[in-house]
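J.: If you want the building blocks of each chain, they are given just below.
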Amino acid sequence: MRRRQFLKMSCVLGAGVALCGLGVDLVPIEAWADEIKKIDRLKTARQTMSVCCYCSVGCGLICATDEKTGKIINIEGDPEHPVSEGSLCAKGAGIFQTTEANEHRLTKVLYRAPNSDKWEEKNWDWAIDRIARLMKEERDKSFITKNAAGQVVNRVETLAHMGSSNLDNEECWSITAWARSLGLVYIDHQARV
Amino acid sequence: MTNHWIDIQHSDCILIQGSNAAENHPISFKWVMRAKERGAKLIHVDPRFTRTSSKADFYAPLRSGTDIAFLGGMIKYIIDNNKIFHDYVVNYTNAPFLVDGKFGFKDGLFSGYDADKRGYDKSTWTYQKDAGGIILRDETLKNPRCVYQLLKAHYARYDLKKVSSITGTPEKDLKTVYEMFSSTGTKDRAGTVMYALGQTHHTVGVQNIRALAIVQLLLGNIGVCGGGVNALRGEPNVQGSTDHALLYHYLPGYLSAPRASQQTLESYIKKITPATTEAKSVNWQSNYGKYAVSLLKSWYGDAATKDNEFGYAWVPKAEDGKDYSVMTLFDVMYAGKIRGMTVFGQNPACSIPNSNKVRAAFAKLDWMVHLNIFDNETASFWKGPGMDPAKVKTEVFLLPASASVEKAGSQTNSGRWIQWRYEATKAPGDCIYAGEAIIRIQNKLKELYQKEGGTFPDPILNMTSDGLAEKGGYDAEKVAKLINGYFLADVEIGGKQYKKGDCVPSFALLQADGSTSSGNWICAGSFAQDGKNLMQRRGKADPTGLGLYPEWSFAWPVNRRVLYNRASCDPSGKPYNPKRAVLEWKDGKWVGDVPDGAPPPLAAEGGKLPFIMKPDGVSSLFGPGLGDGPFPEHYEPLESPLAKNLMSTQQNNPAILLYNSDKDMVASADARFPIVMTTYSSTEHWCTGAFTRWQTWLTEAMPQAYVEMSEELAKEKGIKNGDKVRVESARGKLECVAMVTPRFRPFLVNGKTLHQVGMPYNYGWRFPEGNGDSANLLTPTVGDANAMTPEYKAFMVNVVKV
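First to last, the protein sequences are chains A and B.
Convert by adding 823 to the 1-based position in the first sequence; the result is the number in our numbering.
Convert by adding 3 to the 1-based position in the second sequence; the result is the number in our numbering.
Straight-line alpha carbon distances no greater than 20 Å define the calculated SDA-like cross-link-like pairs of lysine to any residue that follow:
#: 1; chain 1: A; residue 1: K969; chain 2: B; residue 2: K340
#: 2; chain 1: A; residue 1: K941; chain 2: B; residue 2: D369
#: 3; chain 1: B; residue 1: K386; chain 2: A; residue 2: Y934
#: 4; chain 1: B; residue 1: K155; chain 2: B; residue 2: F108
#: 5; chain 1: A; residue 1: K964; chain 2: B; residue 2: F459
#: 6; chain 1: B; residue 1: K543; chain 2: A; residue 2: P902
#: 7; chain 1: B; residue 1: K33; chain 2: A; residue 2: E899
#: 8; chain 1: B; residue 1: K386; chain 2: A; residue 2: D940
#: 9; chain 1: B; residue 1: K33; chain 2: A; residue 2: E908
#: 10; chain 1: B; residue 1: K340; chain 2: A; residue 2: E960
#: 11; chain 1: B; residue 1: K394; chain 2: A; residue 2: Y934
#: 12; chain 1: A; residue 1: K964; chain 2: B; residue 2: G339
#: 13; chain 1: B; residue 1: K396; chain 2: A; residue 2: S939
#: 14; chain 1: B; residue 1: K396; chain 2: A; residue 2: E960
#: 15; chain 1: A; residue 1: K941; chain 2: B; residue 2: E772
#: 16; chain 1: A; residue 1: K964; chain 2: B; residue 2: Y452
#: 17; chain 1: A; residue 1: K945; chain 2: B; residue 2: G432
#: 18; chain 1: B; residue 1: K503; chain 2: B; residue 2: N536
#: 19; chain 1: B; residue 1: K447; chain 2: A; residue 2: A955
#: 20; chain 1: B; residue 1: K447; chain 2: A; residue 2: I951
Source of the hints: derived by calculation from the structure; they are not laboratory data.
The model shown is predicted, which means the values in this text are computed figures rather than measured ones.
Looking at chain B on its own, in the form it has when it is part of the complex:
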């Protein structure tokens, strides 16, 4: 989240789109209701009328997979009706920038598309510059090549009639939502956007969020109290696990993972540190070299020296331009090319799309190591439906782990608060911490390589022991300090003394010369210089009165609670809305939240722009960094009810990766599968139900798999509420109970009636037996062009009575 949970109460208009917060983030809704008590309006946009919708002042239905059409229409409305926060747009976004004359867009494709490569040459997605390399701009926003005018031209096609025809949302509903939300484009009104996987689980997922961001930037809602683009993250510590890079494509702290073409540390650092000609831009990413070196020092300790490029060669290099994300991982596994897999605390047999393919892939492994607190469909894949154990050669280890209340450590919520928790009791039986299990494996590997030698043992032998307990086991607080970072030598910086062994109190002090270590620069400051663990804080002081609680836990980065907060003030440093000022420039310094960039406001002496993580210091309406376009464009989901995209002749996102194993069948605009389907969760169950299906208090309320459908569809199919039905896609089928409900209504799309159904993905064959298997038996192996987030939320099925 750019903001945080409590901040939601300050919003004047809350747009929840792509989320069912009342049911899936229930306690967050406390703050939505507080906002409503203060007079805020709640808008809910969703294919299904949920408990979130029941609290909304206005609910608008939309067909799954059409958010860009919907939001594109909102962008057009905001521009046409002059609802933009003009001052903010001119000063804090790239609206005035002039774009290269060769950049263009035609019939669904931007300039530079290569159909063979299924990707773009982005060299025309750039700005016009003067002889000195400074970006040309038009502050009046009238030049036809300025970003603002190109944005306007791009969304000119997203008129109410077209949008309604694509989304199935009635035109008057579109207009109501646009009017309500664009009312927050004034200085004294703030609008917030709350979204979750309803936005990300699409082949256009990242562009969905870009569209939300563009709306919020046009309305001046980023950086302000009660505003923001707020992701409601889906797992207890997915924020933390993302920060610590349990993903292939970057290293802890969002440093892009080195690729084969970066053979030297120098070339790598050059790649990850952008340059800018904008004098007023802080360009904080230019510091990334310091963080990369400090990370290497945290991994390799004294073995990392200037002479060996701090151990850079020991870091594996992925192939340039190649994908190694989860769907590719399972595709390669299904092809028999992965020999061994460790799966800790995850249930891919039910959570990854196309479960039949995933489960068959597991059977090709030589071995699997699974760690968890309960058994599940992944660990027991070899005895699942359709499996003959006698034919499955995979060795499987099922390691018993401590539960969350049986260990100490930190967990990062969606608002970036890193909260420490404590061990209430020892875990039962032979359970050990997951951290202890990985340390034991690591220590044993070290021992084997020391004794026997082997291939390239260096990175294993040189891995630091600094995070280990004295007797060599897992020690959460020691690891946490390693993550925070240390000074490795006595040093003086900015007139202050730091001793060897002191914790680094801010990443601003990290160095590129090997004199500091830090396992993750964004966490620097989670310990004070004297070693006090700030994540353990329980202070209830609230100096601004806005609910920032700066002394409760530690928020990354540097305890800043609202990101981009300098954009909440005008260029002189005066808050746009003094009544809800998260920050203010007073008597030569910033007062309030930790300022997002210490420098003075833009118009002051030495003043800088507020978007310090963007190379040019301003936020992006035109976003050339993504792989599928600098402006979001509506494309149909891979499996669509429509044979033709109504917006252009480009049916799908032109940059998505396609798989073609014998289990990757796709059926689009296919009479056999005429119903749109989406998947979601429930309050009582957690994700695939791997924890919650073992708990009677929860299964009592939500015992079994079901498909929700409209009364109209049920009538058409002769299905009554409670009937047993079969749901089928091109990839798989399952049986479950029909829940007939008015919460789904048929859509009118392109002049025809279109039905949509939905299922929770909370069930699996393992337990309780007979209560239904995973909805992911139906979903396709396809994902977003940039992030490879799977398209779980829009694909085609049929439903028949059994």
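Bound conformation, chain A alone:
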């Protein structure tokens, strides 16, 4: 059945609650009721188009963002997409678990000090300051203006960058530009492997 028809069915919610008085185990019904509430929220959710973050087929996604909480409550395939036609494989179908809904998502800047056995939380300003300082120090120390043959090479061989084919084009391009501006030659990522 089409998604819109399924959403209309959510109107029949009320009946389930009356059953508790008859000794019916409510847990599965409550779970079902939660699902129906979710369907209600889907009806008013803001829909955003995206593209799956896994293989290179590039299947279309529809993300539903709850109008009250501002959080993603559902991600499913886009039936309009000419390649995927609404289908998703197991990974794409599970993209909801890459969002805030997954308790394992990194949400703080973490820092591991030399010889330490744990992470500490830091803020962005501190991290960016320290990272830029480390990069500048190493670049200034090891920059190669001319090679052994006397040719101008303007490169750094003690810094390396990897990644990522998991990032948007605009992010990739920005990283390439940054890496070259520093003089890096050790640049690589998933395309090689």
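Go by the hints and put chain B onto chain A.
T.: Just chain B now, kept in the frame of chain A:
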């Protein structure tokens, strides 16, 4: 891909070799099944019988690392049985070209090999020319020095018996596959090849693909609907990240990276713009100078002027002939010579070969900056198995990033469709876009160099701010426009007016004089002149009825959906197959897909050859551009079950780079490691599992590391399905669960029984704990001679019950 996903439905015969599309590109299989519904036949060639094989009309097993033997046999079959698409081969390939008399091949080596340098002097890999420099040719294809005859001679050794002995594929299976696929050499039948990392992950990876390309050219399957050589790329935006050059050896848009010997912009442009004497060749690469200058303008803006060679000196120059790719990067790091590393959205501790070496290398860094959405074995390397954090001095920064649905930007699929996606919600906590993180680092560096000075600050200070948001942060759409390109001055070209600030609607309009900028010429046209973002398009119009969907997103280049499409028509411009015409020359113009080169068909007035990206306008059966030979030749993987290559006395690819750190042990034809091993992925997991192992919906289905082995091998070893086993190579070992299955069968290679096993590389020690570590603990640090793609798919192990 030369073609695109939907096009697969039009194929009459699909060869999937080096891919398990049903499991690793599942939705692509929708289009394979549509083809089957229309009567197409599916062939699957793979060491293991997978879900892809289960849908095939014919499955042929082959030992990992022997694709060239297999395909060489197919080339021989096609030539011997006269299956070539003659018209196409004569007109659109270099088959008729006469090769230099001094070129030769003997016992595994081509002419010009230097054993000390482990490389070739390619000066004999060239064509005979007349006094005017025009290449000599024989259109009858009979001259013994013509490419076609040399091709025939080269593969004469690849008879069924020899091929079967090397690959382990029964002779009758070889014959069946060759017969089925070569049936697409006619005008009305198209064959497509779908391949993935099963072809690239070898020391002969690039030549594997060359062999596929030669087959497809002989059969006339390139440029046609339902044909092509189609790479199923392995990451969501690896096409885009490749296009934008997150690799050392070229700049955005596949412009070779400048080397130390190119001290001037002029010498660099000369190097990257080939010349040709072929009057009918478009030789599009001759335009590369315009793209190089436009790229420099996109990086340095007004600071790039004619007087300073557009900032050419600010671009780092790699050393001539030196490799800086990932395995070398880690080799140098392991030797203690890299001080700091940024790793964004990648997990090398599990994805790069020889994990023990990689993880030990990390411990030698002074600092590492990792950016991701979850923790992984790379960011936490310092507390991994065998590590004592008290002894590891590396400072590690773990930066929290926005996930894919938490940001806007574009992503390029394998069919070259650049699709825009939108931000569904803000990322949680302190997460920021990866793009924002790099901009903040860049801005801070700029600030430090402005305040304090330092070594050669020019390239950092002069980097453009045009891509930044008004308040100085990351703005995806602004960067996307910068990539597309702008006119930097009012100009008239071809009778049309363009204003300063207009988006460049096609790379054909880019200039070498500094009047245009473009961060990547292949993306020019992703914005219309008026600034409309064409990547956001969702048009479902399909005028040809072939599923090109020209109004859905934007395909590079210039929205062309099938590459080399002018080769789908005969020299007069008439489609070879009118029933599936992707292009047609009608009333003095091309109708259908965007033509691959605007000029008329070959036989018309002003007509040009269809392979516009090749200097001589035709495709290459003889390919002198590669470092290990102009024809693919079978060599054994670095670690092989055979002490002797059955094809020649040259055991391995003679041009591969070898590493010799104390962690680079190799064991070939070694009784301690008698089993061939390969690695692969699974539907539920993504690459090293760095995202997917944190997701219960996925780990529920595929919780832990396992090794698949045949029932015969299991019996030999006393192993039952589900037993705990240890898999060991010369470099490392790991414990996992044994999956005993008929999906692997023993091979008969060189008259002896040979076993092969396989593991997914989806696991790592970090999470879920105790579910197994990476299969890359076992793989060798060695890769393809041209591309340095690691040989993950053929090496030697032993398996013992624990």
